[in-house]
Structures are given as structure tokens and as C-alpha cells.
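A.B. asks: Protein sequences, first through last, are from chains A and B.
According to the working numbering, the first sequence is numbered sequentially starting from 1.
According to the working numbering, the second sequence is numbered sequentially starting from 269.
Treat the hints loosely; a few may be bogus.
As the list claims (entries may be wrong) - Not everything, but these chain B residues come out facing chain A in the computed CB check (under 8 Å):
#1 Y405
#2 N408
#3 S417
#4 A433
#5 G435
#6 A438
#7 T463
#8 T468
#9 R488
#10 D505
#11 S506
#12 G510
#13 S562
#14 G576
#15 L579
What the hints assert, rightly or not - Keeping only pairs whose Cα atoms sit at most 25 Å apart, straight-line, the calculated DMTMM-like set for lysine to aspartate or glutamate is:
#16 B:K607 to B:E653
#17 A:K38 to A:D213
#18 B:K607 to B:D667
#19 A:K3 to A:E217
#20 B:K607 to A:E217
#21 A:K3 to B:D493
Simulated from the structure, these hints should not be mistaken for laboratory data.
Backbone N, C-alpha and C fix where the C-beta goes; we use that ideal spot for every residue, glycine too.
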Amino acid sequence: MSKLRVWVEGIGLWSPHLVDFGALRQVLAGDVPAPPPKRPAATTLSPNERRRAPEGVLLAVEVAGQAVSMSARDPSILSCVFSSSHGDQPITDYMCATLAQAPAELSPIRFHNSVHNAPVGYWTIATGCHAPSTAVAAQRASFGAGLLEAVSQVLTGQRPVLLVCSDTAGSGPLGEVTHCSESFAVALVLAPVAGPSSVATLDLQVLAGDTDDPLPEPLAQWRRGNPSATSLALLALLNQGSGRCHLAASTGLELQVDVVRIDKELAE
Amino acid sequence: MLGDCRNYRVGLRNQLPIPLQPANSDRLLGKVRHAHYAFPMTMPMTPLAVTAYTATSALGHGLAAQLDALAHGRSGLRLNDFSSADLACWIGRVDGVEDAAVPAALADWDCRNNRLAWLGLQQDGFVEKVRVARTRYGANRIALLLGTSTASIGTTEEAYRRLDADGGFADDMLRPAVHAPHSLGAFTAAALELTGPCLTVSTACSSSAKVFASAERLIRLGVVDAAVVGGVDTLCDSVLFGFNALELVSAAPCRPFDAERDGISIGEAAGFALLERMEVAPDAPRLVGYGEASDAHHMSTPHPEGLGAELALKDALSRAALDASRVDYINLHGTASRKNDEVEAALVNRSFPATTRASSTKGYTGHTLGAAGIVEAVVALLAIEHGVVPGNLGGDSPDPDCGESFAWRSEQRRIDVALSNSFGFGGNNACLAFARAGFTA
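Please work from the sequences and hints to get the whole structure.
C.D. replies: Pasting the structure below:
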């Protein structure tokens, strides 16, 4: 198999510590960025939808909006791959608690918000996007496996794709077994060719392996606290300019990703 | 109309995204919003061989049970005897799941969904066929792509029903991997000893149709040589009470496309297929196309004019380089909800001639949600292999909106090309196209 190459055109990021990718760059430069507001702004949603939307939707829509804005792409034609290890844990907690006590009282809106593709559903509705959209999961490999799905769509369809990977913090008794200590979300807009918004190239290879790339603190701690934060290995390289990282794609299989930032490539 | 696309597409091959012409969108899509369809032109795909397939549903275990029921108009629905509290409805429950233990070495994965997965894998020699493929290609050269909407949420529900005195999960429920959407994918990877890319697709009721698309992409790129695709969903309180809260569940057996239809019957099922390149199995039926599109309309109601469904259909036909008139059978999503069936019947009426036969099989199996895509892909493959058009069970008083294509009774006829529609919450639409080996458009 030859290398799979895609261009990064947009990066979105949100956690209780990071309002966007710029904040991560500040952290890596030794600064302390201002903390984000308690709820992601998710301004792509209409005010009504924003009020009604559950946390998992706000989180995913926030980073998707950031990445698409940076890419200057029209979101209505971007194919969407939304990945999450656990989906919306506060909703799952609500559903299971209600079903255990008074199943007939289950909220219909919370039920339709409980589907794993609720975030991508809200996103496509908010942006008028009729392109293909999918919602996927692969436990701790959710970012790597989602990236592979997104890259395969970019390269076979020769079209830009929006990748989002997000997980809310754990909630209720369920939180005891998911071990998500805080929420984390990342988004990338990926394209098949270089364009005016390109910020980096990614060369991917699918290899057997289970490499755990070292990360500086506090990134290493953040990575332990949320499956979507496995993406920090790649985000740190996108900040640094170039290098190689490894992302789990399934049990015993990983993506080896070589990153080259465009400005650096041009300078060389 | 799509034949036209084929003629000029040839000259455009290898070029970058070509917007659909607005005039074209207008004609294909009717008078709905059409300013945004600057999609890349869909290129025809190299078909893939479906070298093995199987399904287990309320109709029974394996292909023979499905075929027998479909050919004879026998429903697998029964009065609800499953939910943890009373709920007056009919369900498509699979017999024997309770006794279908997972392999002892994988006991940590035990739950109803994974038991049904393992039961489904035992049918029609599927595990053995995967073993042969594993030997041929290597375990890490086979992708495993499964769709589910419930995963093992039924076990998380159970954990909440019997929390410890301290409010936490009981000891036997402290199995993190089971309480996650990827439970099905990770369990099946372990059970089939596959180490290639492994992904769970969870787009509600289109989940296990979309896995065919993901598989085709990975094979085309050379990331893998083959793929096991499929899906499993099991009955649980979440879906029974959830759809009930949305007032989408009928108190009677569901009646797709019937004038008096009043809601769905929820079912459970497991299904799997093995996809390989055509050269290794020239006589196997083929996946010739797939289409995916989004409604961008509403979380739990389809687009009133079936916009996403129509885009998915056009995408599938373009990828298969097929004109709609060449389609012999289409297995409809046909849930028996008022709205879905109204929108889908209109799509059939305006897209296909009467020679294309159409039916929903939800009256046999119930709506198996995340497993509906693979179960109905299997129905399409059985239609091709055995020349059976399943009658649209439950449509005793056909909705007058349904046109000549609807097959109200089972028919015997040669089927060369069969489609399957799958639509999910969030406006998530998929369409699959299968063809007999050797069929050329």
C-alpha cells in the first residue's frame, strides 16, 4: 500500500482548558491561555437549537465550526465524519437512569438526541449540508479510526472532508467505567490537494503496532482523561511544524502519520 | 436520466470535483432547495464480490429461514414479551439469543448484542469463510466494519437497574468495553481473530448499510484486501420506550405502505457479509454501488420531499453506472411510520418504472434499526440468488399513493439488479446496489 496523503486546511479544538487550537499553541509555548466559557459557544447553531442542544452536540459543533472557518470551505458541501468513543454520556446516563425508574416517562427529544449521529445530524441541519455524513466509534482508537475513514473518503471521492472527534466528560454511574475525566473535542478539515488554506500535509501509513508517543505535560494528562484527546499527539506536531506520530486505528493497528507544515515545507 | 451522466462522465474521469449542473439538480430533485449541490461527480466503482453472507432475525437463524419466510409471506413478529415494563406493541425477537453464549475466552464481552452477533456468525458457514479469507490475506489485511445503533446499551440499562448500595455498577457490570458503542466491533474482531482496521458505524437506522461504503473505500485504496461488514442490534428498553415516546410505535404488527399504517414494530437482528475483489470469486454476486447523503432537515422526521433519500439513490446508481430502469427489485426502508412511507413511495413512483418491483420487509422482521441495512442487503442478495421478490407484508389495504412498482404479494422472477434503501435519524440516508455476477449495465 502506498502512502495516503491529505492536506489539512482547518483545525478546531475545545476542552475545559483550551478554547481553540491557538490556545494549545500558547500552552506549548509555555503560556497559560484564558480558559474557555463553561459551555462551548457553538455559534454555527441557531440560538434556539443552541439552547436545546445537548452537551455532546455543542462540543462537536464548536470544533467543527472552528475548523471549517479556518479552512474557508463552504460547510454545506463538506462530507462529514464524526467520531466519538462514548457518545453523549450525560444523555446515556439520563436514559439509563430514567429507564430503570420510570421508563414510560422517557423524554422523546432526549431519545432522539441519544443517537450516536446526533452531533452530525445537528451539524448538517445547521449548515444545510446534504453531503454524506457518518458517525463512528472505535473506543480509544476513535480518533485514529475516524481519521482513516475520513482520509479514505478524501482520497476515493477527491473531496474535502470534515473530521470531528469528541467525547463529553463521564456522567453518573456510567462515568465510573468510561473514565472520561473531562470533555475534549478536535476537528480537522482535510482535502485531497493543496489549496490556499492548506496548513500541513499528512502522510499516513497503516501499520501493525501499538506505539504510545510521549507527550509533555499537561497534554499527557489530558490524553489520559479522554479518548478523543489521543489526537493531541497529532495536534502537537501541527504546532511544532513537522514530525511523526502514531495513532491507534484498532487493537494492534496504528496509523503512522508524518506531518509537514506548509510554511516549513516552502521554507525548505 | 442517469444514462446521460455516464456518457459524459467518461471524458471527465480523473478531473477534480465537478459541480452538478443546477439544471440537472432541478430536474432530478424537484422544486426543493437546490443551491447547494456542488458535490463532486460520482465515478463508477469497480464492483466487489460478496463471497459470503448471512442473516439471523425474527424469521430464524440463517439464510434458509429468511428465504422461506420471505417466499411464503410468514411474519416473525410477536406480542412484546421483552421490555422490562409493560409496553403494548409487537416485536421481532430472535429465538435462542439467551442460550447463545459467547466463546468462553471472550466472557468479558457477554451481553445480548454480542450473543446475537456470535449466534449470527455461526450461520451459513460464515466463520469458516472468514477463516479461509484470513489465511489467504492475513488477519490485518481484512477490515471489520459493523453498524449498530444499540450496541450493548441493554447491558448498561441492566447495570442501572441493579446499582450497588453505593450507587455504582455491580461488580459483574464493571466491564468498560461493553458499556461503549464499539462493543460490537471490538468483540467481533476478537471472535473472528481479525486485526485490520475496525470501526463501528452508528448512524441510527442506516448504520449497517454505510459499512459497505467504508469497506469499498478501504479496499480501493489498498489499505485492505477484503472486509467483513455487517451489523447487529438487539431489543432493549432504550429503543422500545424511546420510539414509543416519539409516538412512532404501533400497537399492532407494523403495516408498511398500508393506508392504515400507524407506526413501526421494533426488531433485532444480526447480519454479515464478506467483500473481496471480483477476481477471486467471478461467480459471486456483487456490490456494484452505494450512495450516501444527508437530509439537513430534522433529527427524527424525514425531509418532506425525500431529498437526502433521492441524492443517495442517484449516488448509488451513478456509482453503479446504472439507469434506474435496469433495477429489478428495490428493498425499501418502509418502516410503516406515516411520514417515511409517504416520502419513500413518492420517491419510488417518480424514479422507477413498474418493471422495478418494490417492497418493504419490515412486516417480516420488524425494524431492526442499526441492523436493518445488512438484513435488507441480505434480502436483496437472496432476491438475486433465488429469484424471489418478497411481498410487502402488512400492506393489506395499500396506500393509494403507492404506484405500480409495489409488490404486495411475493413474486418469482429473475432479479439481476437489486437495491436496498436505509434511512436513519439525523437525516442519514444510504442506498446499496447489488447485481448478479456477469451482469453488465
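A.B. asks: Hint by hint, note whether the structure agrees.
C.D. replies: Hints and how they fare:
no.: 1; hint: Y405; result: 13 Å, violated
no.: 2; hint: N408; result: 6 Å, holds
no.: 3; hint: S417; result: 7 Å, holds
no.: 4; hint: A433; result: 12 Å, violated
no.: 5; hint: G435; result: 6 Å, holds
no.: 6; hint: A438; result: 10 Å, violated
no.: 7; hint: T463; result: 5 Å, holds
no.: 8; hint: T468; result: 5 Å, holds
no.: 9; hint: R488; result: 5 Å, holds
no.: 10; hint: D505; result: 4 Å, holds
no.: 11; hint: S506; result: 6 Å, holds
no.: 12; hint: G510; result: 4 Å, holds
no.: 13; hint: S562; result: 4 Å, holds
no.: 14; hint: G576; result: 6 Å, holds
no.: 15; hint: L579; result: 6 Å, holds
no.: 16; hint: B:K607 to B:E653; result: 32 Å, violated
no.: 17; hint: A:K38 to A:D213; result: 30 Å, violated
no.: 18; hint: B:K607 to B:D667; result: 12 Å, holds
no.: 19; hint: A:K3 to A:E217; result: 31 Å, violated
no.: 20; hint: B:K607 to A:E217; result: 53 Å, violated
no.: 21; hint: A:K3 to B:D493; result: 16 Å, holds
Checked against the numbered hints given earlier, the structure breaks hints 1, 4, 6, 16, 17, 19, 20 and satisfies all the rest.
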